[in-house]
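*Asks:* Work out the full structure: start from the sequences and follow the hints.
2 protein chains.
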Amino acid sequence: MKTIGELGEDGLIAKLCAGLATSDHVIVGPGDDCAVMGDGENLTLLKTDAVVEGVHFLPDEKARRVGWKAVARVLSDFAAMGGKPGELLVTIALSPQVSVGWVSDLYEGMTACLGKHGGVIVGGETTSLPVGSPTIISVAGRGTVRRSQMVTRAGGQLGDAIYVTGILGGSITGKHLDFTPRILEAAWLTEHFQITAMMDLSDGLAKDLPRLSLMSKCGFQIDKKALPLSEGASIQEALGDGEDYELLFTSAEDISASWGSQFPNLRLTKIGELTPGKDHELDGGWDHFNR
Amino acid sequence: MKTIGELGEDGLIAKLCAGLATSDHVIVGPGDDCAVMGDGENLTLLKTDAVVEGVHFLPDEKARRVGWKAVARVLSDFAAMGGKPGELLVTIALSPQVSVGWVSDLYEGMTACLGKHGGVIVGGETTSLPVGSPTIISVAGRGTVRRSQMVTRAGGQLGDAIYVTGILGGSITGKHLDFTPRILEAAWLTEHFQITAMMDLSDGLAKDLPRLSLMSKCGFQIDKKALPLSEGASIQEALGDGEDYELLFTSAEDISASWGSQFPNLRLTKIGELTPGKDHELDGGWDHFNR
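Quick note, the sequences are listed as chains A and B, same order.
Position 17 of the first sequence, counting from 1, maps to 17 under my numbering, and the rest follow consecutively.
Position 48 of the second sequence, counting from 1, maps to 48 under my numbering, and the rest follow consecutively.
Hints were generated in silico from the structure; no laboratory data involved.
Please note that a few of the clues may not be correct.
Since the list gives no way to pick one copy over another, a pair counts as held whenever it fits inside one copy or between any two copies.
What the hints assert, rightly or not - Below 27 Å or equal to it, Euclidean Cα-Cα: the simulated DSSO-like pairs (lysine-lysine) are:
(1) Lys207 x Lys2
(2) Lys15 x Lys62
(3) Lys116 x Lys217
(4) Lys225 x Lys2
(5) Lys2 x Lys62
(6) Lys62 x Lys278
(7) Lys2 x Lys116
(8) Lys15 x Lys116
(9) Lys62 x Lys224
(10) Lys207 x Lys175
(11) Lys217 x Lys270
(12) Lys116 x Lys225
(13) Lys224 x Lys270
(14) Lys224 x Lys15
*Replies:* Structure (structure tokens):
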């Protein structure tokens, strides 16, 4: 019998999702940044995302930054659908030996992020783990998106330009904790342009772009020399480091000119285009089980 | 600095919830079985709940039963508000050494429960834990409740009778894995009677009844000899074992007569009443951090 490590993350998810039932008002099921459901113009987004001590943050990291990250990752996924945050639930699994101060600071970081970017915490739970277990913070919740602004990973068309916001690579030096979920940017993009496909970059461009192109039934071609590099990052790091939490999206429209006047402090880079190719491989990126 | 273990679960939750912001359309925030939000007659329930290997299930337990339990716990909370299941997200945190077959069986158990009681899985995530870590399954999601049928823990009135469904105690022999979420029963109760307060029994009557009475600003008096005992269970076990997943509710109406013809195979027992007393203590029950 295969282990999870041998099968890998994408393989596992594909296997688990294959047999799932659905219901009439589910518009987008498993496999995108969020699930989408509802009728009418205002749709509901559902998302869950966890951070694990030793995987997503170091044991001696400031709890406030961990809290920010735990919430911002979910907000980043709402943004990736063109949506906005609503109500969140927070699950904390931890050893009884963790200090109350650490958990208070964690909540401070979460509420700071929500105060800045929208959304409220409406519940959750705490559950105990054996002494010595890694602390886990799982954030689940509801966002909203207007039907006219909803973007999935699946709508990319042949010839569409591929864009990324911000700069890529080297997030381990700090950005992976303190990043800005691109809610405003996604709202502006989806209001003013025909964005055909979008996702947030969590596992690295090398892992995430193939996912988007596969769901859009296209290949892709990128100009690696055009990648917007973080200071000191190599092209390979920009492709593979992950945790950039920038938007990756496609459009047939030229967005760069208006972008500059709207968001003068955030780069937007056209890095390539969707092609008829069937090659979905790019070297690098992060697999949760198969490292 | 105090540890979580010293503060205890209820103390920790109270501390964390004290400073939370809210928003206009949140009707019930942290502290009840579910959060409730929305406008109009059809409201949204949000809930998250996790099961942990070694705490909620033994390492050698059949994965199918674990999956059933993980989902049924959340459905039981929807029932406790008078609601029904909608769309769920499943987070699995586990070591790469877990077999793919185990996870497949887990999903089988989850979908079996949903197939029987309603609700669909629309997404989730898998995340890796260090080798040897306990497996954690967290289920979050959305339910629905009609405003006219919504019941919180806070509406109990002086003199209301206190009822429990089913039998209590000894769930460790199997029921804690295979229980039936009381969705049908709660729907019938809230449609036909004025149910003033309700919750599901997860930590044991001794822990849960004081929570309900405290939120309803009442005391309580129960007849311990009237408690409906599972076969072989003592009164103390019925009070303290936990994981009964039965409904605990209050009403000024006499429900027992019509109950018997509606649900002939499930007991309903009047165990006491809400009083002006201020005593919220009952000996027993389960605290996640302070055992």
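*Asks:* If a hint holds in the structure, say so; if it does not, say that too.
*Replies:* Verification of the supplied hints:
Proximity of Lys207 and Lys2 under a CA criterion of 27 Å is satisfied intra-copy only: 23 Å inside one chain copy versus 42 Å between copies. In this homomeric assembly, Lys15 and Lys62 come within 27 Å of each other (Cα to Cα) only across copies, at 19 Å, whereas the closest approach inside a single copy is 37 Å. In this assembly of identical chains, Lys116 and Lys217 lie within 27 Å of each other by CA distance neither inside one copy nor across copies; the values are 37 Å within and 36 Å between. Taking the closest pair of Cα atoms, Lys225 and Lys2 never come within 27 Å of each other, the shortest separation being 39 Å inside a single copy and 53 Å across copies.
With identical chains, the CA atoms of Lys2 and Lys62 are at most 27 Å apart between copies only, with a shortest distance of 18 Å across copies and 37 Å within one. Within a single copy, Lys62 and Lys278 get their C-alpha atoms no closer than 44 Å, and across copies no closer than 41 Å, so neither meets the 27 Å cut-off. In this homomeric assembly, Lys2 and Lys116 never come within 27 Å of each other (Cα to Cα): the closest approach is 44 Å inside a single copy and 30 Å across copies. In this homomeric assembly, Lys15 and Lys116 come within 27 Å of each other (Cα to Cα) only across copies, at 22 Å, whereas the closest approach inside a single copy is 38 Å.
Proximity of Lys62 and Lys224 under a CA criterion of 27 Å is satisfied in neither setting, with 35 Å inside one chain copy and 48 Å between copies. For the identical chains of this complex, Lys207 and Lys175 are intra-copy neighbours only, at 19 Å inside a copy versus 43 Å across copies, given an alpha-carbon limit of 27 Å. For the identical chains of this complex, Lys217 and Lys270 are intra-copy neighbours only, at 20 Å inside a copy versus 61 Å across copies, given an alpha-carbon limit of 27 Å. For the homomeric pair Lys116 and Lys225, neither the shortest alpha-carbon distance inside one copy (34 Å) nor that between copies (54 Å) is at most 27 Å.
Only within a single protomer do Lys224 and Lys270 lie at most 27 Å apart by alpha-carbon distance; the minimum there is 11 Å, versus 71 Å between protomers. For the identical chains of this complex, Lys224 and Lys15 are neighbours neither inside a copy (32 Å) nor across copies (49 Å), given an alpha-carbon limit of 27 Å.
In this structure, the hints that do not hold are numbers 3, 4, 6, 7, 9, 12, 14, in rising order.
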